[in-house]
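Visitor: Residues per chain, in single letters:
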Amino acid sequence: MTDTTPNAVPPKSVTTASSERVAATLAKRHAAEKRFRMYGIGAIGLALTFLVILFGSIITQGYSAFWQTEIRLDVHIDEGEFASGEYADIRQASFNKMLRASLREVFPDVTSRKDKKELYKIISSGAKYELQNMVVENPDLIGTTVSFWMAASDDVDMLNKGYIDRSLPESDRRLSNFSIGLVDTLVEKGDLKSAFNTRFFSNADSREPEQAGIWGAAIGSFWTLMVTLLLSFPIGVAAAIYLEEFAPKNKWTDLIEVNINNLAAVPSIVFGLLGLALFLNWFNLPRSAPIVGGMVLTLMTLPTIIIASRAALKAVPPSIREAALGMGASRLQVVTHHVLPLAMPGMLTGTIIGMAQALGETAPLLMIGMVAFIADIPGGPTDPATALPVQIYLWADSPERAFVERTSAAIMVLLGFLIFMNLAAVLLRKKFERRW
Amino acid sequence: MKNLEQSEVVNYPADRAIKMQGKDVKVFYGEKQALFDVNIDIYDREVTALIGPSGCGKSTFLRCLNRMNDTVDICRIEGKITVDGEDIYERSVDPVHLRARVGMVFQKPNPFPKSIFDNVAYGPKIHGLVDNKTDLEEIVETSLRKASIWDEVKDRLDAPGTGLSGGQQQRLCIARAIAVRPEVILMDEPCSALDPIATAKIEELIHELRENFTIAIVTHSMQQAARVSQRTAFFHLGHLVEMGETDQIFTNPEDERTQGYITGRFG
Chain W
0 MTDTTPNAVP PKSVTTASSE RVAATLAKRH AAEKRFRMYG IGAIGLALTF
50 LVILFGSIIT QGYSAFWQTE IRLDVHIDEG EFASGEYADI RQASFNKMLR
100 ASLREVFPDV TSRKDKKELY KIISSGAKYE LQNMVVENPD LIGTTVSFWM
150 AASDDVDMLN KGYIDRSLPE SDRRLSNFSI GLVDTLVEKG DLKSAFNTRF
200 FSNADSREPE QAGIWGAAIG SFWTLMVTLL LSFPIGVAAA IYLEEFAPKN
250 KWTDLIEVNI NNLAAVPSIV FGLLGLALFL NWFNLPRSAP IVGGMVLTLM
300 TLPTIIIASR AALKAVPPSI REAALGMGAS RLQVVTHHVL PLAMPGMLTG
350 TIIGMAQALG ETAPLLMIGM VAFIADIPGG PTDPATALPV QIYLWADSPE
400 RAFVERTSAA IMVLLGFLIF MNLAAVLLRK KFERRW
Chain H
0 MKNLEQSEVV NYPADRAIKM QGKDVKVFYG EKQALFDVNI DIYDREVTAL
50 IGPSGCGKST FLRCLNRMND TVDICRIEGK ITVDGEDIYE RSVDPVHLRA
100 RVGMVFQKPN PFPKSIFDNV AYGPKIHGLV DNKTDLEEIV ETSLRKASIW
150 DEVKDRLDAP GTGLSGGQQQ RLCIARAIAV RPEVILMDEP CSALDPIATA
200 KIEELIHELR ENFTIAIVTH SMQQAARVSQ RTAFFHLGHL VEMGETDQIF
250 TNPEDERTQG YITGRFG
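Protein chains in written order, with numbering that gives the first Met the number 0: chain W, 0 to 435; chain H, 0 to 266.
No lab work stands behind these hints, which were simulated from the structure alone.
Incorrect hints may have been included.
[Claimed, not checked] Only pairs whose alpha carbons sit at most 25 Å apart, straight line, appear in this in silico SDA-like list of lysine to any residue:
| id | chain 1 | residue 1 | chain 2 | residue 2 |
| --- | --- | --- | --- | --- |
| 1 | W | K248 | H | I73 |
| 2 | W | K250 | H | T70 |
| 3 | W | K127 | W | V51 |
| 4 | W | K116 | W | T48 |
| 5 | H | K79 | W | E321 |
| 6 | H | K124 | W | K116 |
| 7 | H | K31 | W | T252 |
The whole structure should be built from the sequences, with the hints applied where relevant.
Guide: Take a look at the structure:
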């Protein structure tokens, strides 16, 4: 039976035969895996491409909003305009008159009524308030001549940023040849420059694009989110703890769970309508106010927080609960001493993600009137306000060319906040995950 | 199985008091009955071992003794279980109070993710057993000493309890249990997750603890039952088949099934 020839090939055993069959399929299996990886890379590549296109278009359209064209004028602050040094009187003086006088001084050739009208339009119609604020802050300026940089009008700003095509026929342009001539003169004299747009970050909304800022909307969003956080976090966490740790598991709690999951999928505009009917029409809470916005967003955020908190509670190992129960801790003590501290990072993560959702939510706020034009910065949760995404919506709707770049800039600011919040959630999870 | 290491012959008085008693205990999980008319006596300051094949209901019974099964919604218990003659399923008995009297050590070491000190101090704190920090420190030290882990951890009481080795964690859990000064300690397979050396330490510890505490221990290891216990109860398919002094159970069992199990014919 035994083959003694050293070079003889041993007879093929069953195992080598089957191993050959395995080898035959290997190429196919590897190819399948390779293909699958390619699909994955392709999917990620596609997603990244769209993301780059999105960010790219927003940034290229919006970055110029962070600069604002300013014009320098030497303004004589005429004593005659001020009856006395009292605060109220300072505000009553006609700063517009002073600005116009100094404009006429710079361009003494402009005499016709029509040309003067155009001349006055090269500075922002908000410039008088800039001057007013300066004088109110420092009344000693009265009677002196100050040289200060004020915002140019949005058309001059657009021209300076290259958005107005000089080669177009005059009738198709926002600015006449005469106005362009004025601007060019100012540029030659060095009295026109681009400066960092602090107005965009410190002003509330305005009809004049060059005076419009996002600070009012940001504060509105802040108050709205504060109300949302204060309401949804305690309620959400308490509901999650009750359902997960105390409630008996029966068909009622199953029903509640199904409904909470369904609520998370309800379109947000429906919550807005509910808020309109309930909070505004029935409770008679103030319109356009962050407190109502916060309450509506609470309805929307609660399911997210409850679901995330329940998942965090489920992730706490039962052995910890048994250990504490076995020590004679009451069920509440088990929760507050052991389960809650371990589940808190997960709960906070869920809350931050819920807050980020709420920050980006527009539709329900439209329903309760937070879409109104609010030129004041809200001082509290009951003042009329708007929110960042609604501000974007409002600006996107405005016809002026200068609002296009402001829309994109506001989107960048909103995205910045969202990225910051999501990053915080990720870091929190990384830092505290699995302590047992 | 004649070479079983026999427990030392203790001449305990035959009329030792009964600490805990189960009378016709039936346990149901939903429709399924897990225990059938279990009658058992657990004697004061003795180690009672509950043995039997997996799924025989020994852990279920152990968890009835301090009402840990209350947390299982579908679990229903009939019959009577007493501590010092008092029915623990009586309405007037607060399970929190009961668990302070009947402590428990679990199969998997489960220290809290807190410092060693806080692990042991937790029980006395929640039950208000101490008035000041000095007393608390004293209780922590004596508990750790009784659990013979003091020497290993005295220099790092602030270190997390979860950072200890498995055997140390289990002794920490025992220290945590005895810090409440319970009358009975229930142990649910306390050594099943441990290596032989750590197991030997725990068994030694059980010997020492017997002086002050009544102990009921569930174990899968018959050698362990023989080594640490004075009385043994054999469970099979939800029935208490036989209960007696450990020597007698292991040398001269009355029931055929006990005989079969301890000689390794099934299980």
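Visitor: Do the alpha carbons of K124 of chain H and K116 of chain W lie within 25 Å of each other, as the hint requires?
Guide: violated, 82 Å
Visitor: K127 of chain W and V51 of chain W were given as a pair; does the straight-line alpha-carbon distance stay at or below 25 Å?
Guide: violated, 41 Å
Visitor: Take a quick look at whether K116 of chain W and T48 of chain W sit within 25 Å of each other, Cα to Cα.
Guide: Given pair K116 of chain W, T48 of chain W is violated - Cα atoms ~49 Å apart, limit 25 Å.
Visitor: Is K248 of chain W close enough to I73 of chain H, meaning Cα to Cα at most 25 Å?
Guide: Within the cut-off at roughly 9 Å; holds.
Visitor: Measure nothing beyond the straight line between the CA atoms of K79 of chain H and E321 of chain W; if it is 25 Å or shorter, mark the hint as holding.
Guide: holds, 23 Å
Visitor: Between K250 of chain W and T70 of chain H, does the CA-CA distance stay at or below 25 Å?
Guide: Answer holds: K250 of chain W to T70 of chain H is near 18 Å, not above 25 Å.
Visitor: Holds or violated: K31 of chain H with T252 of chain W, Cα cutoff 25 Å?
Guide: OK: K31 of chain H and T252 of chain W at ~23 Å, within 25 Å.
In this structure, the earlier hints numbered 3, 4 and 6 are contradicted, and the remaining ones agree with it.
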